[in-house]
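Asks: Residue strings, one per chain:
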Amino acid sequence: MAVIVERRYSTVIHPLHAVLLAGTVPLFLGAALSDAAYARTYEIQWNNFASWLIVGGLAFAGMALVLAIIDLCRADRRAAGIVLYAVALLTTWVVGFFNALMHARDAWASMPTGLVLSAIVVVLACVATWFGFCTPRIGGTK
Amino acid sequence: MKRFRLPAIAGLSLVLSACGGNPEPLQYGPNPQLPQPHHGLLPNMTIAEPAEWGDQQPTVPQGYAIRAIATDMKIPRQTLLLPNGDILVAEGRGGGAPTLKPKDVIAGHIKAKGTSPVGGGNRLTLLRDADGDGVYEVRTVFAENLNAPYGLALVDGNLYVANQDALVRFEYRDGETQASSPPVTIADLPSAINHHWTKALAASADGQFLFVGIGSNSNITERGMTAEVDRAMVWRVDARTGAHKPYATGLRNPTALAIQPGTDQLWAVVNERDEIGPNLVPDYLTAVREGGFYGWPYSYWGQNVDTRVRPQDPDKVASAITPDYSLGSHVATLGVAFSTPTMGQKFAEGVFVGEHGSWNRADPVGYKVVFVPFRDGRPVGAPVDFVSGFRGSDGKTRGRPVGVTVDPRGALIIADDLSNTIWRVTPDPKP
Chain X
1 MAVIVERRYS
11 TVIHPLHAVL
21 LAGTVPLFLG
31 AALSDAAYAR
41 TYEIQWNNFA
51 SWLIVGGLAF
61 AGMALVLAII
71 DLCRADRRAA
81 GIVLYAVALL
91 TTWVVGFFNA
101 LMHARDAWAS
111 MPTGLVLSAI
121 VVVLACVATW
131 FGFCTPRIGG
141 TK
Chain L
1 MKRFRLPAIA
11 GLSLVLSACG
21 GNPEPLQYGP
31 NPQLPQPHHG
41 LLPNMTIAEP
51 AEWGDQQPTV
61 PQGYAIRAIA
71 TDMKIPRQTL
81 LLPNGDILVA
91 EGRGGGAPTL
101 KPKDVIAGHI
111 KAKGTSPVGG
121 GNRLTLLRDA
131 DGDGVYEVRT
141 VFAENLNAPY
151 GLALVDGNLY
161 VANQDALVRF
171 EYRDGETQAS
181 SPPVTIADLP
191 SAINHHWTKA
201 LAASADGQFL
211 FVGIGSNSNI
221 TERGMTAEVD
231 RAMVWRVDAR
241 TGAHKPYATG
251 LRNPTALAIQ
261 PGTDQLWAVV
271 NERDEIGPNL
281 VPDYLTAVRE
291 GGFYGWPYSY
301 WGQNVDTRVR
311 PQDPDKVASA
321 ITPDYSLGSH
331 VATLGVAFST
341 PTMGQKFAEG
351 VFVGEHGSWN
361 RADPVGYKVV
371 FVPFRDGRPV
381 GAPVDFVSGF
391 RGSDGKTRGR
401 PVGVTVDPRG
411 ALIIADDLSN
421 TIWRVTPDPK
431 P
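Going down the list, the sequences are from chains X and L.
For the first sequence, counting from 1, position 55 maps to 55 in our numbering; every step adds exactly one.
For the second sequence, counting from 1, position 185 maps to 185 in our numbering; every step adds exactly one.
Chain X with its partners taken away, still in its complex shape (with noise of 0.2 Å):
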């Protein structure tokens, strides 16, 4: 009698891609820290580091996003819970997006919205972080 062994593997996320994702949560939380620093005391300089802080944000989260779809297209890679990951990570980059126009405006025309957005986004980043690091990248055989 033959017996058939399914060669089945987990991977931890790619290091680089780890970096990438993780490093979204302190550029978005020091985005949020700088608007509520701005809402407090009304010194602009919180308001550019904001911006920048969102960029960053938007960098990182956007490269991460493109090696999550790696990760989705790939068979050796793809577990069920990549999906949900990949598409928290896109609604924060989206919603984040949004949030780097309202901080274009000018001094507190970006305010209370950009406040309440960014701190929306710490939360999605959060998420996004959460599940990309707890999803098995369960490969089938090679």
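To be clear, the hints were calculated from the coordinates, so they are not data collected in a lab.
Quick caveat, the model's predicted, so the values are computed rather than measured.
Using N, Cα and C, we set each Cβ at its ideal position, and we do this for glycine too.
Treat the hints loosely; a few may be bogus.
With a Cα cut of at most 25 Å, we get these calculated DMTMM-like pairs of lysine to aspartate or glutamate [claimed, not checked]:
#: 1; chain 1: L; residue 1: K74; chain 2: L; residue 2: E49
#: 2; chain 1: L; residue 1: K74; chain 2: L; residue 2: E144
#: 3; chain 1: L; residue 1: K316; chain 2: L; residue 2: D274
#: 4; chain 1: L; residue 1: K74; chain 2: X; residue 2: E43
#: 5; chain 1: L; residue 1: K103; chain 2: L; residue 2: E228
#: 6; chain 1: L; residue 1: K316; chain 2: X; residue 2: E43
Not close to chain L: a few residues of chain X, all C-beta gaps over 10 Å, as computed [stated by the list, open to error]:
#: 7; residue: L16
#: 8; residue: A22
#: 9; residue: L33
#: 10; residue: A37
#: 11; residue: I44
#: 12; residue: N48
#: 13; residue: V55
#: 14; residue: L67
#: 15; residue: L72
#: 16; residue: L101
#: 17; residue: A109
#: 18; residue: C126
#: 19; residue: V127
#: 20; residue: F133
#: 21; residue: C134
Label-pair restraints from in silico Cβ distances [unchecked claim]:
#: 22; chain 1: L; residue 1: D188; chain 2: X; residue 2: A39; range: 55 to 61 Å
#: 23; chain 1: L; residue 1: V384; chain 2: X; residue 2: T91; range: 52 to 58 Å
#: 24; chain 1: X; residue 1: V19; chain 2: L; residue 2: P98; range: 27 to 33 Å
#: 25; chain 1: X; residue 1: A39; chain 2: L; residue 2: K396; range: 44 to 50 Å
#: 26; chain 1: X; residue 1: T11; chain 2: L; residue 2: V118; range: 56 to 62 Å
#: 27; chain 1: X; residue 1: C134; chain 2: L; residue 2: K396; range: 56 to 62 Å
#: 28; chain 1: L; residue 1: D230; chain 2: X; residue 2: H14; range: 53 to 59 Å
#: 29; chain 1: L; residue 1: T99; chain 2: X; residue 2: P26; range: 20 to 26 Å
#: 30; chain 1: L; residue 1: S204; chain 2: X; residue 2: P26; range: 56 to 62 Å
#: 31; chain 1: X; residue 1: A36; chain 2: L; residue 2: P98; range: 22 to 28 Å
#: 32; chain 1: X; residue 1: G62; chain 2: L; residue 2: T307; range: 30 to 36 Å
#: 33; chain 1: L; residue 1: I110; chain 2: X; residue 2: A36; range: 27 to 33 Å
Given chain X, work out where chain L should sit, using these hints.
Replies: Showing chain L alone in chain X's frame:
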């Protein structure tokens, strides 16, 4: 407090609604219609698409002729008529405010497409028509190595030049084609950052004082309140000592100044703020009251509060003066000159205003020189197009008017900083 809203949908719908065929509100005169401010997510922008004049020329009213009296200038901005009929042209490009936000990187690149690629001359050029035939056959560099010269004034043999960082004085003797000595600095002018770098200039009727227009260091305080010290105001400088005092404040960008002939009254054209909609805030012409506050940044057109400014200042808003005469939002008024009867009956009493043209508006406005008629020393009625056609019906822009100067012999001199041309408009002697 501003209403919360879902910015994505609201912003997009605002951008889209701006493209609709809503009738344009009445925007000229003492009581312009002011719509509610819009805060779109993406600014409405239509940037001038430069093209060569070729065989074309700007359009002038019937009975007038226009001629290019100098071409290939290096960013001509303001001009000055000298007593012997010579014309001095200030050429330069100032500014250089650092980019601060990601938006500045993008916007700076886009807006540069609508301007001349030529480097600023940082000089004064003299043009002379010795035989009075309308051809300015002599052209010399009167002075060079200046720092973005803009405002010009002549009082009793003293030629005052407002560089972007200092007010300087040349000695001038009638007939000179070149400065005989280096300039003497009268007063340093606020020049840190220099977001709005142009320094407008006018001399009081008695020549004792010089009025200097100093623009704000931001659109609406987005470079911080500390950057606005000594900005958005007109200084009165003692011509002898260089001592200065703020003469009027809250003038966002007073780009040209003029003294009303026969009076001591100072007038200014002022560029107002952007990014709250295509029909806000009107650029204006106003008599400048000593000690007056004209709103920027806290309010516009009198007491309309600008919610983008924090902290707000209700006391300042309450004291804000409403300007005299709106010329329309985003037209970018950069030149003003009082007319004389030699300009022809229809244009005898009033001011000419050079409008550089809009960027923060889907449907471009400005790009022309208008005449605002005066009666009893005050503006009345609608502005009349005097020179137009800078932006053609093909959507291409061939010129952008800046400074305007009236030649008392009967001519209007216009500096055009896109085609780098000096235009001269005269009542046509031919029928």
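Asks: Does each hint fit the structure? Answer for all of them.
Replies: Now for the hints, and whether the structure bears them out:
1. For the given pair, L:K74 sits about 19 Å from L:E49 by alpha-carbon distance, which is consistent with the 25 Å threshold.
2. Restraint check for L:K74 and L:E144: satisfied, since their Cα atoms lie roughly 12 Å apart, inside the 25 Å limit.
3. The hinted pair formed by L:K316 and L:D274 meets the criterion: a straight-line CA distance of about 21 Å does not exceed 25 Å.
4. Straight-line distance between C-alpha atoms of L:K74 and X:E43 comes to about 39 Å, which puts the hinted pair past the 25 Å bound.
5. Between L:K103 and L:E228 the alpha-carbon distance is near 21 Å, which keeps this suggested pair within the 25 Å criterion.
6. With a CA separation close to 20 Å, the supplied pair L:K316 and X:E43 stays within the 25 Å bound.
7. Distance check on X:L16: its Cβ is at least 25 Å (rounded) from any Cβ of chain L, clearing the 10 Å threshold; non-interface status holds.
8. Every CB of chain L is more than 10 Å from the CB of X:A22 (nearest about 23 Å), matching its label as outside the interface.
9. Every CB of chain L is more than 10 Å from the CB of X:L33 (nearest about 18 Å), matching its label as outside the interface.
10. Here X:A37 stays apart from chain L, with its beta-carbon at least about 13 Å from theirs, past the 10 Å limit.
11. The claim that X:I44 is not at the interface with chain L is violated, since a C-beta of that chain comes within 10 Å of its own (minimum 4 Å).
12. The non-interface label for X:N48 is inconsistent with chain L: the shortest C-beta to C-beta separation is roughly 6 Å, within 10 Å.
13. The beta carbon of X:V55 sits about 5 Å from the closest Cβ of chain L, which is not more than 10 Å, so the claim that it is off the interface is violated.
14. No Cβ of chain L approaches the Cβ of X:L67 within 10 Å, the least distance being about 24 Å, so the stated non-interface status holds.
15. Every C-beta of chain L lies more than 10 Å from that of X:L72, the closest at about 26 Å, which supports listing it as non-interface.
16. Listed as outside the interface, X:L101 is inconsistent with that label: its C-beta sits roughly 4 Å from the nearest C-beta of chain L, within the 10 Å cut-off.
17. With a closest Cβ-Cβ approach of about 4 Å to chain L, X:A109 is found to fall inside the 10 Å limit, against its non-interface label.
18. No Cβ of chain L approaches the Cβ of X:C126 within 10 Å, the least distance being about 21 Å, so the stated non-interface status holds.
19. Distance to chain L confirms X:V127 as a non-interface residue, since its nearest Cβ pair spans about 19 Å, more than 10 Å.
20. No Cβ of chain L comes within 10 Å of the Cβ of X:F133; the nearest lies about 29 Å off, and the non-interface call holds.
21. For X:C134, the shortest C-beta to C-beta distance to chain L comes to about 29 Å, beyond the 10 Å cut-off, and the non-interface label holds.
22. Take L:D188 and X:A39: their Cβ atoms lie about 37 Å apart, and the range 55 to 61 Å is violated.
23. Restraint check, L:V384 to X:T91: a C-beta distance of roughly 55 Å satisfies the suggested window 52 to 58 Å.
24. In this structure the hint that X:V19 and L:P98 lie 27 to 33 Å apart at CB holds, the actual value being about 31 Å.
25. Under the hint 44 to 50 Å, the C-beta atoms of X:A39 and L:K396, about 45 Å apart, fit the expected range.
26. Distance hint check for X:T11 and L:V118: the Cβ-Cβ separation is about 59 Å, which falls inside the suggested range of 56 to 62 Å.
27. Separation of X:C134 from L:K396 is about 58 Å and conforms to the stated range, judged on CB atoms against 56 to 62 Å.
28. Taking the beta carbon of each, L:D230 and X:H14 are about 55 Å apart, inside 53 to 59 Å as hinted.
29. Roughly 24 Å separates the CB atoms of L:T99 and X:P26, a value that falls within the hinted 20 to 26 Å.
30. Under the hint 56 to 62 Å, the C-beta atoms of L:S204 and X:P26, about 59 Å apart, fit the expected range.
31. At about 26 Å, the CB distance of X:A36 to L:P98 agrees with the hint of 22 to 28 Å.
32. Checked against the hint of 30 to 36 Å, the pair X:G62 and L:T307 passes, with Cβ atoms roughly 33 Å apart.
33. In this structure, L:I110 and X:A36 meet the distance hint of 27 to 33 Å, their C-beta atoms being roughly 31 Å apart.
In summary, the numbered hints that this structure violates are 4, 11, 12, 13, 16, 17 and 22.
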